[in-house]
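Chemist: Based on these hints, arrange chain F on the given structure of chain W.
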Amino acid sequence: MIRVVLPYHLRTLAGVEGEVALSVAGPATQRSVIDALEARYPMLRGTIRDHVTGQRRPMLRFFACMEDLSHEPPDAPLPEAVASGTEPFFVVGAIAGG
Amino acid sequence: MVEMLGVEHFLKLDTEERMSGVRVLVGTRKGAFILTSDGKRERWDISGPHFGGWEMYHLKGSPVDTNRLYASQSSGWFGQIIQRSDDGGKTWHQPGTPPGEPTTMPNGMPKGESNKFVYDTSSETGKPLTTHQWYDGTQHPWEFKRVWHLEPSWSDPDVVYAGVEDAALFRSTDGGKTWHELAGLRGHGSGPKWQPGAGGLGLHTILLDPSNPQRLVVAISAAGAFRSDDAGHTWKPINRGLKSEYLPEPTPEIGFCVHRIAMHGSRPNVLFMQLHQGGGIFRSDNAGELWQEVRGNLPTDFGFPIDVHAHEPETIYVVPIQPYPGRYPPEAKLRVYRSRSGGNDWEPLTNGLPQENCYVNVLREAMAVDTLDSCGIYFGTTGGQVYVSPDSGDNWTAIVRDLPAVLSVEVQTLP
Numbered sequence: 011m012i013r014v015v016l017p018y019h020l021r022t023l024a025g026v027e028g029e030v031a032l033s034v035a036g037p038a039t040q041r042s043v044i045d046a047l048e049a050r051y052p053m054l055r056g057t058i059r060d061h062v063t064g065q066r067r068p069m070l071r072f073f074a075c076m077e078d079l080s081h082e083p084p085d086a087p088l089p090e091a092v093a094s095g096t097e098p099f100f101v102v103g104a105i106a107g108g
Numbered sequence: 503m504v505e506m507l508g509v510e511h512f513l514k515l516d517t518e519e520r521m522s523g524v525r526v527l528v529g530t531r532k533g534a535f536i537l538t539s540d541g542k543r544e545r546w547d548i549s550g551p552h553f554g555g556w557e558m559y560h561l562k563g564s565p566v567d568t569n570r571l572y573a574s575q576s577s578g579w580f581g582q583i584i585q586r587s588d589d590g591g592k593t594w595h596q597p598g599t600p601p602g603e604p605t606t607m608p609n610g611m612p613k614g615e616s617n618k619f620v621y622d623t624s625s626e627t628g629k630p631l632t633t634h635q636w637y638d639g640t641q642h643p644w645e646f647k648r649v650w651h652l653e654p655s656w657s658d659p660d661v662v663y664a665g666v667e668d669a670a671l672f673r674s675t676d677g678g679k680t681w682h683e684l685a686g687l688r689g690h691g692s693g694p695k696w697q698p699g700a701g702g703l704g705l706h707t708i709l710l711d712p713s714n715p716q717r718l719v720v721a722i723s724a725a726g727a728f729r730s731d732d733a734g735h736t737w738k739p740i741n742r743g744l745k746s747e748y749l750p751e752p753t754p755e756i757g758f759c760v761h762r763i764a765m766h767g768s769r770p771n772v773l774f775m776q777l778h779q780g781g782g783i784f785r786s787d788n789a790g791e792l793w794q795e796v797r798g799n800l801p802t803d804f805g806f807p808i809d810v811h812a813h814e815p816e817t818i819y820v821v822p823i824q825p826y827p828g829r830y831p832p833e834a835k836l837r838v839y840r841s842r843s844g845g846n847d848w849e850p851l852t853n854g855l856p857q858e859n860c861y862v863n864v865l866r867e868a869m870a871v872d873t874l875d876s877c878g879i880y881f882g883t884t885g886g887q888v889y890v891s892p893d894s895g896d897n898w899t900a901i902v903r904d905l906p907a908v909l910s911v912e913v914q915t916l917p
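Residue numbers (my numbering), protein chains in the order written: chain W, 11 to 108; chain F, 503 to 917.
Pulled out of the complex, with its shape left as it was, chain W reads as follows (with noise of 0.2 Å):
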């Protein structure tokens, strides 16, 4: 299973607590673990990526094992520690507002 943080508002929105645990067919790459949090959890479709573009938006990153993943090409395999399930996937949004 992936394991994956989303931020405050996402899990507010998506009805969750903690830490979301998803099933990814194939290989775990960006894309095919945020299509899998879109199919489960349809409420948070565009609010992570555009829904025309299917660019990440520009005030979320993402990050896994300290490091930042989030210009990385979306179809590249992500850490093998969050493909066993044993480092999470972040959805970061950035600090700004007020």
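Treat the hints as calculated values from the structure; they're not laboratory data.
All figures in this text were calculated on a predicted structure; none of them were measured in a lab.
Even glycine gets a Cβ: it sits at the ideal position worked out from N, Cα and C.
Heads up, some of the hints might be wrong.
Per label pair, the in silico range of CB-to-CB distance [what the hints assert, rightly or not]:
# : chain 1 : residue 1 : chain 2 : residue 2 : range
1 : F       : Gly702    : W       : Tyr18     : 23 to 29 Å
2 : W       : Glu29     : F       : Lys592    : 27 to 33 Å
3 : F       : Glu849    : W       : Gly28     : 57 to 63 Å
Just so you have them, the derived chain F footprint on chain W, three or more residues with Cβ under 8 Å [to be verified]:
# : stretch
4 : 19-31
5 : 49-57
6 : 61-73
Modeler: Frame of chain W; chain F shown alone:
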């Protein structure tokens, strides 16, 4: 078949129907609040924040089903969400993904289309627009940012219109589950000349003629006002008679920073407009074909909201704001101005409003009227106050004083 609502409908509301209470829907920078009271409008129950931390640009109820509410929830981080309530705001869900139901369609595709606003670029429209004018005069891609305004239909609670930024008009006919652009508006031909105001290129005003479902009026900052007489297929600019000090050409076809247009349902051909400074207050007696200025004795020509009394179609309200230096009330006195003659002659309404050291603003969506026998007027401020006058503006009290900055105020008169 769309039911036609004529003058009789509004006269009936005026004289026969005894309403028992009101529900005020307040959108703020950090969530939505619902304020309810009986017909006296003295004691209030406050519910919220709903969607705390999210920008709630607008909430509005269906005129044919007071339990059906639509809300625009957005965030710079997470984009646009549409929320719907079928029980008067007690519970909410994203249309198409009600709680407890499967999250996928029978064909395996995930739900979640209610958040999806995609500009129509199909060849069927004939004019697949992709750019508009940017601040520096160059062309800029049309990019969806958020929903500014939601306008439920007069006849069907599942039909609702959305005015969005970058400016376009969308419609849902399935209760907000899916949205489709009425592309004839952007395809009018002037679209590449539309330019955003400082707050963005937003379509903020949607007026549906209750007696003629073919007629819609919209307003866009800073493109101007447009009207359709064929249910939104084709549009024409209706800006003749408006003036502007901020344009090189004073009377162009488009380019006006309309702040708000109001209409009384019994007289849909009469429109009242609050324009940007250098323009002022205007009225049209022919559905926008020609506008005339009615600023009269107002202290400034600038402000955002404008609204019409529920039972007196010639009684209108504005909140003048000093445009410079800080867009706050003139002399730091919060005053609603009322005209009982459709403009030109205005009286300040101050009883119960702060008359010193007041530096709030009242935004374009933040004024509403109820339809109780003694018409109630409501407005919200950027300082977080929501005021009510249960007697047409003569006396005001604050329902709440310390909400986040108020973006929108709508009121439902409950049976």
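Chemist: Work down the list of hints and note, for each, if the structure agrees.
Modeler: Okay, the hints, checked on the actual structure:
For the pair F/Gly702 and W/Tyr18, the supplied restraint of 23 to 29 Å holds, since their beta-carbon distance comes to about 26 Å. At roughly 30 Å, the beta carbons of W/Glu29 and F/Lys592 sit within the given window of 27 to 33 Å. A C-beta distance of roughly 58 Å is found between F/Glu849 and W/Gly28, which places it inside the suggested range of 57 to 63 Å. Judged by the Cβ-Cβ criterion of 8 Å, the stretch 19-31 of chain W is covered by chain F as claimed, because 4 of its residues qualify and three suffice.
Requiring three or more residues with a Cβ within less than 8 Å of a Cβ of chain F, the coverage given for the stretch 49-57 of chain W holds, as 9 such residues are present. Only when three residues or more bring their CB closer than 8 Å to a CB of chain F does the claim for the stretch 61-73 of chain W stand; here the count is 5, and the claim holds.
In this structure, every one of the numbered hints holds.
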